[in-house]
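Sequences listed follow chains A, B, C, D and E, in order.
If you're matching positions, the first sequence starts at 1 in this note's numbering and goes up one per residue.
If you're matching positions, the second sequence starts at 1 in this note's numbering and goes up one per residue.
If you're matching positions, the third sequence starts at 1 in this note's numbering and goes up one per residue.
If you're matching positions, the fourth sequence starts at 1 in this note's numbering and goes up one per residue.
If you're matching positions, the fifth sequence starts at 1 in this note's numbering and goes up one per residue.
Keep in mind that the hints were calculated from the coordinates and are not lab data.
No experiment lies behind these values; they were computed from the predicted model shown.
Using N, Cα and C, we set each Cβ at its ideal position, and we do this for glycine too.
Just so you know, not all the hints are guaranteed correct.
[As the list claims (entries may be wrong)] Computed spacing ranges between beta-carbons, pair by pair: (1) C:R266 - D:E178: 44 to 52 Å; (2) B:L75 - C:R266: 55 to 63 Å; (3) A:G195 - B:L115: 32 to 40 Å; (4) D:P228 - C:Q167: 24 to 32 Å; (5) D:P91 - C:G67: 20 to 28 Å.
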Amino acid sequence: GGSSAPSPAPAGSQAGATKPPRATVKVSVGSAASLLYLPWDLAKALNYFEDENLDVQLNYANAGTDAATALLSGSVDFTGNSIDHSIKAQIAGKPTKMVVSFAKLPGTGLVVRGDLKDSVKSVKDLKGKTVGGTSVGSGTHLLLTYVMNQAGLVQDKDYTFKPCGSGTMAATLDAKGADACMNSDPFVTQYVSAGKGFLLKDFRTAKDTTELLGGAYQFTGAVTTQAFIQSNPDVVQRVVNALVKADRYIATNPAKDVAAKLPQSVTGNDVELYVKTLEAGKEYLSADGLIDQKGVENVLKVNVEDCKNNPTLCPNLKVTDQVDATALYDNSFAQKVKK
Amino acid sequence: MSDTVTLGVERIPLARRDWFVRALQLGVILFFIGAWEGLGRAGVLDPFYYSRPSLFLPRIAEWFAPGSTAGDIWLDIRVTLTETVLGFVIGTLLGLIVGYAFARNRLLGLAFDPLLSMFNAIPRLVLAPVFILAFGIDLASKVALGVTLVFFIVFFATFAAVRDVDQTLVDNVRILGARRRDVTFEVLLPAAFSAIVASLRTSAGFAFAGAVVAEYIGSNAGLGRRIATAEAFFDSTGVFGGIVLIALLALLLDSLLQLAEGRSSRWKPRRER
Amino acid sequence: MSDTVTLGVERIPLARRDWFVRALQLGVILFFIGAWEGLGRAGVLDPFYYSRPSLFLPRIAEWFAPGSTAGDIWLDIRVTLTETVLGFVIGTLLGLIVGYAFARNRLLGLAFDPLLSMFNAIPRLVLAPVFILAFGIDLASKVALGVTLVFFIVFFATFAAVRDVDQTLVDNVRILGARRRDVTFEVLLPAAFSAIVASLRTSAGFAFAGAVVAEYIGSNAGLGRRIATAEAFFDSTGVFGGIVLIALLALLLDSLLQLAEGRSSRWKPRRER
Amino acid sequence: MPPSITLRGVSKVYRPPKKPPYLAIDGVDLDVDQGRFVSVVGPSGCGKSTILALVAGLITATSGTITIRDDPVRAVRTDVGFLFQRDALLPWRTVRENVSLALRFRGLGRREIADRVDPWLARVRLAPFADNFPHELSGGMRKRAQLAQSLVVDPSVLLMDEPFSALDVQTRNLMENELLELWGASGKTVLFITHDLEEAIALSDELVVMTAGPGRIKARYPVPLPRPRNVSEVRFAPGFVSLYERAWSDLRDEVLRSYERSLRSAS
Amino acid sequence: MPPSITLRGVSKVYRPPKKPPYLAIDGVDLDVDQGRFVSVVGPSGCGKSTILALVAGLITATSGTITIRDDPVRAVRTDVGFLFQRDALLPWRTVRENVSLALRFRGLGRREIADRVDPWLARVRLAPFADNFPHELSGGMRKRAQLAQSLVVDPSVLLMDEPFSALDVQTRNLMENELLELWGASGKTVLFITHDLEEAIALSDELVVMTAGPGRIKARYPVPLPRPRNVSEVRFAPGFVSLYERAWSDLRDEVLRSYERSLRSAS
Ligand SMILES: Nc1ncnc2c1ncn2[C@@H]1O[C@H](COP(=O)(O)OP(=O)(O)OP(=O)(O)O)[C@@H](O)[C@H]1O
Ligand SMILES: Nc1ncnc2c1ncn2[C@@H]1O[C@H](COP(=O)(O)OP(=O)(O)OP(=O)(O)O)[C@@H](O)[C@H]1O
Ligand SMILES: [Mg+2]
Ligand SMILES: [Mg+2]
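Take these sequences, add in the hints, and give me the full structure.
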């Protein structure tokens, strides 16, 4: 189970009464190497957690689902995850709350294989093609379905959906197993800069997102359980402090400087490329950690619409308008973080 | 035989009676299911994660019901079975042939031994992109993944078993005029049969697991796909429904293997005490 | 022995000379690496996916260089090795004990046989959430995953090998006064040794693969984590660097197993022809 | 003297899978008194080894009862010395280790084991080969190692299945004399199977002749030769030849009968 | 007649791992002329089986040359009939299948195989047991099955390692007579190993006595008995006893020598 029991403060902290007791926080991060969860790594690299006297252990999962399971089962106290999992968890009767926002836009791109440059000019042109996301029911699948629906294309009727995995996505495209794919960075930047494909829609930008949804899309953030908030409000506040500061750091510093603070296990081997993705990321990464009500509603809208048009997309957890969007997050901690 | 007699039927011990063994096996499985259900109801196993037989058994029935909205279950079964059986058969044949060749040709075996040990340790999951590139996104790459699992299990077992065959038997048939392939099929393979079948029983299970994992990574159909979808929606009932189906299919394949083994083991002495 | 003579040293065939065999093995590996490099340079293997030895070997060197920014490689190795060895040892012991018990107790073996075959076919990856639930996200869940792989390989091999031991040998030692455990350690296990070691060689590789997959699913350190991160960046050089390291570690473990096997196989007749 | 081994109406039916059951021995009655040396001869395949396996508890009788020292045989007996007709040495143990087995099972210490094993290795003339593995021995040497293995614990009941059949005449004579000497004053009960009529007479107090399969007891002859005996000379003793000839003609009848039967069934 | 089998200065050193090399036979010279029946006797472990394995090409000589019909032995010979001292039947084949093996390897048809196998099953008296698996046979029956297995292809060179040692006297006599009859007019060359001096003399044209290990040829005796012979009567023929006694004393000397040596080395 979780191990958040605050341990007695170290001897040295007696003098400065300001120092809170040491606590251990376990975190399951939805995936490694994704900008969508960068604040966890950055806060750690900048020693923000240490400043709060927190021992934060980051555990990287292969998929958001695994991270969500770890949170719900009490194996970890926090996750870095997308809000879709919170919606499903709420319907299943396992309430969670997002307390810090990491990404206010989807942060994904719809990438088309290079050899289709001439035939695919808009989403409509994907009719009859095979289009991929990371997996069935994933955030990329939901958004993709919505995008396609808006263009009047329905899954299984007008196009084929292909779950491509994340690590296998480039290979799937190159093997012509799919014609276009929705995914986040570093895939988008990597694949496009390798000259293998081009961007059809870029939901890393406010422009394309607004065009689609009329506003923000509250994607990823730090999520914890209602129970943990109740028993450890103080620890939650300290975690939020560090993460919001990290959000702000990203927003206010040049990408190059941010990258310089990060270890290679976060930036990958090719730092230049990382800087490039980070620059693109500035547009969708949250600058203040506050969760946007409208953005959450947009996510819900996408979910509900998708379920209507494609019932196989939500076999047992039917997302309806009944979902309480305001119960999915809690901005009170982020609001308390001093400027 | 002129000296054959029919004495009154001896008491055959219970453990040798077929119906008793079958009943026992069923009992063990039913007990397991019952325990699962009981622990689920008692709240020890949270059904949110572990589901419960009384939940997933109806779900399976639903899948098979005509006009089910959950997609064509027969298609999924066919896809998964095809991948499994192909992976199993190809992996087994390769494992047998290479294991056999290496056991017979000492130098060849020694030369490639370290390379094979190294390959065996490579996590197949990590190689998924390479499989897709080399074999495409469809059937072939999924079969290939299964093959890499099955191959090594069969290979090492065959290699050791063939190498250890009683040399007197080989010498004898060679003098009797056995050509190389006679030695293979008359002596080495029968002698290694038990060990090979044991490896096949393991690898049949791994072939299923390989197929499902491959589908899990990326595919449009198959039981693995069905399970992955269910998992994405925290639908543990769907997950266990799929797992139970796979387990039943595996049981089928395993029974075939055991049947084959039983048929070819008539020559073995039965232990009396 | 009074009749011992020392004749002039006979010509030992090349294939029996240790240095020759080692050289050959190295040659095969070098050839493989060379081919990889060559095909990469020739553009047959797209380095975007397959990397190249001249790329990943320096990368590995970098990892080991003092003050590398890529994280502590020794920590990663230690973590992965710990998971692997624990999974391997626990899985092996369980497989040995259960396989042995089932082989000796006919009824027990028959009763649980179908259940085990079914379990064997369950894709471990799919059970990741269950593992996380039951064992948390730390060491234990990774070891557990390895155990489920190793167990079945060793179990089936031990079961078949012990069952097939020559009954005359067992009868003989029983009359000589062997207790149950004497029969186990003097007859059944030595007789089954070859088959068991073969299964260990397979399962050692699978233990590595299991640990890496488990890290891949969720972890904060280990070679699997390193590989997963590299894969997320489509950094095939990093991926193959990690794979090669794992393969080398596996080779090490395999050599230990072979050493053990060699030492205990002195009693076996060597084939002359 | 009280009977040490008794068989009462013992039959054994083998039931090979998918073949008709086969009656190997049929209603065998036999008493071997304490301290007696009884040899069993009979045509090949008549059920001699079956009887021995039954007495040792290795297989179960289909009907009848068997006792050793009034103790019904229900499981494998560890209070007997048993010499298998087939190779039964552990291939992964050296000669010395094989011979030490029974002592190790009885928990003896290293020193003590060596003290008892060494004389046996010498007695069966395998001292120079003590560290050889069984496959490094000749056929006769393996048999001798087995002999030492089963005798080293000095069992009071010996069940021996053609122990000397793989030895040359002289080695066999040496071994036979060793056996007689060992047995002489010890009060051991011996049930001895052989196909060598001369050996059977030379060694035993009583000779049992079996019929061709299904094995029954055809005749029992007391051996009226004085002890101690030297096996290489006993054949010139008075009484030897007449006994030999009677048993020989018994045996010949049986062999011929079974021969004819098998010819009949072949046609 | 031309020599069919020749050994010239043949030595064999076994090199067991981690033990000193062991000289099993030392400079053996032997000619067996075409159509001759030569028996080899010698103390247990003196290297008789080793010689046979060398001639069949199962193992390689450390020095010296071996030829069969002027053809140097370089690989396993398939033109000989070989009877192993140890069990060599395929356990997963029935008696009939085992006996058919050599014919199947030669590509004969079903019918033809049956025609040749059935008489052999009758000859070794295993017709009623044709469908038994080897473990369902007695020790003597297994030996007889092996005999049929190696003789069914009618090889012109026979190498036999104690073929009859597991049989009762009468069955053995039957088999010995069968062998003599088979061999009689056929011109087959037989190299026959036995530990039974009587059998050796009764069957052969020449008797070879070996020394205790390392095996050398100690003496060769022509057997001056007329043919055809009946093995159960030949021991009463003139000349038998004197030959028996000479060979016997040769052998005894060797056995005693090696006995003493082994006692020495044990102390
Ligand atoms: N497991 C078995 N299944 C069927 N028949 C068997 C089995 N074991 C032995 N028999 C048969 O029982 C009979 C007696 O066998 P047994 O080994 O007792 O003979 P034996 O007298 O020892 O012969 P030998 O002198 O040749 O060793 C034989 O005809 C054999 O075929
Ligand atoms: N593989 C081996 N390694 C070491 N020594 C061996 C090996 N094979 C045989 N020997 C030794 O060679 C000697 C001769 O063995 P061989 O089997 O030829 O004897 P044999 O004359 O057939 O004896 P027997 O009559 O007992 O069968 C024996 O002393 C034996 O210990
Ligand atoms: Mg017998
Ligand atoms: Mg021999």
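Is the gap between the beta carbons of D:P91 and C:G67 within 20 to 28 Å? violated (57 Å)
Range agreement (Cβ of D:E178 with Cβ of C:R266, hint 44 to 52 Å): Violated - the Cβ-Cβ distance for C:R266 and D:E178, about 31 Å, lies outside 44 to 52 Å.
Check the following: the C-beta atoms of A:G195 and B:L115 are separated by a distance inside 32 to 40 Å. This hint holds: roughly 35 Å between Cβ atoms.
Are B:L75 and C:R266 spaced within 55 to 63 Å by their CB atoms? With Cβ atoms ~56 Å apart, the hint holds.
Return holds or violated for the Cβ distance of D:P228 and C:Q167 against the range 24 to 32 Å. With Cβ atoms ~39 Å apart, the hint is violated.
The earlier numbered hints that this structure contradicts are 1, 4, 5.
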